[in-house]
Amino acid sequence: KQEVTQIPAALSVPEGENLVLNCSFTDSAIYNLQWFRQDPGKGLTSLLLIQSSQREQTSGRLNASLDKSSGRSTLYIAASQPGDSATYLCAVIRGGGADGLTFGKGTHLIIQP
Amino acid sequence: DAGVTQSPTHLIKTRGQHVTLRCSPISGHKSVSWYQQVLGQGPQFIFQYYEKEERGRGNFPDRFSARQFPNYSSELNVNALLLGDSALYLCASSLAGEGTEAFFGQGTRLTVV
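Just so you know, the protein sequences line up as chains A and B, in that order.
Take 1 as the starting number for the first sequence in the working numbering and just add one per residue.
Take 1001 as the starting number for the second sequence in the working numbering and just add one per residue.
By construction, these hints were calculated from the structure, which means they are not laboratory data.
Take the hints with a grain of salt, since some may be wrong.
Using C-beta positions, here's what the derived DEER-type ranges look like [what the hints assert, rightly or not]:
1) B:T1009 - A:Q81: 23 to 29 angstroms
2) B:N1079 - A:R55: 43 to 49 angstroms
3) B:R1057 - A:I110: 34 to 40 angstroms
4) B:E1051 - A:Q112: 45 to 51 angstroms
5) A:N22 - B:R1022: 32 to 38 angstroms
Dumping the calculated DSS-like pairs for lysine-lysine here, alpha-carbon to alpha-carbon at most 30 angstroms [unchecked claim]:
6) A:K1 - A:K68
7) B:K1052 - A:K42
8) A:K42 - B:K1013
9) A:K42 - B:K1030
Source: prediction; values computed, not measured.
Every residue gets a Cβ at the ideal spot worked out from N, C-alpha and C, and that includes glycine.
Just chain A, with the same shape it has in the complex (with noise of 0.2 angstroms):
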């Protein structure tokens, strides 16, 4: 059975720092993983999706890396902004997709202005 764990389970940080989100899967052979944002009380929002053939995907300040073969992906966050502060989920689709996405608990995250 698939696991995710996503480590810190919670980060306070000053705004305009750089920051790394830690995200790790028990099962190789997925086929994507996909990085989320959720605010308080609302549904979730995408951020990034790498494919398991590739190793990174970058959209503005964030870039995540996927390292299949040790099960480990990270969330790069640049330049933090209070903005910034939410819950970060990261999941993962074995092939097939009949399973759905496996998520971790998520990290929160709180920039400090």
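We have chain A; now place chain B onto it with these hints.
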């Protein structure tokens, strides 16, 4: 273009009642998936439908059922509600069923009293 829309946004039900939640996918998307998210946890996969057929089912009791209509919208039904069914129910749509990028709605907050 409209994103994924879910209705209602909030709902309060009594134990033992039945509930129907609705989801309209992004135009052109043929796959809809349902997830349950309890406080402090990542979303848990309930169902996936693609081209009106069930393609995947998570570890949920038979009280949970779903269907997809010819216009690709979907309903999630839960019978004999329990207090533990209180959660945020999320719908995700994607172009196809093979692990393509998932886009989520804002969710339906269900409270069972």
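Status of each hint after checking the structure:
| no. | hint | in the structure |
| --- | --- | --- |
| 1 | B:T1009 - A:Q81: 23 to 29 angstroms | holds, 28 angstroms |
| 2 | B:N1079 - A:R55: 43 to 49 angstroms | holds, 46 angstroms |
| 3 | B:R1057 - A:I110: 34 to 40 angstroms | holds, 37 angstroms |
| 4 | B:E1051 - A:Q112: 45 to 51 angstroms | holds, 48 angstroms |
| 5 | A:N22 - B:R1022: 32 to 38 angstroms | holds, 36 angstroms |
| 6 | A:K1 - A:K68 | holds, 16 angstroms |
| 7 | B:K1052 - A:K42 | holds, 27 angstroms |
| 8 | A:K42 - B:K1013 | holds, 20 angstroms |
| 9 | A:K42 - B:K1030 | holds, 23 angstroms |
Hint violations for this structure: none, all hints satisfied.
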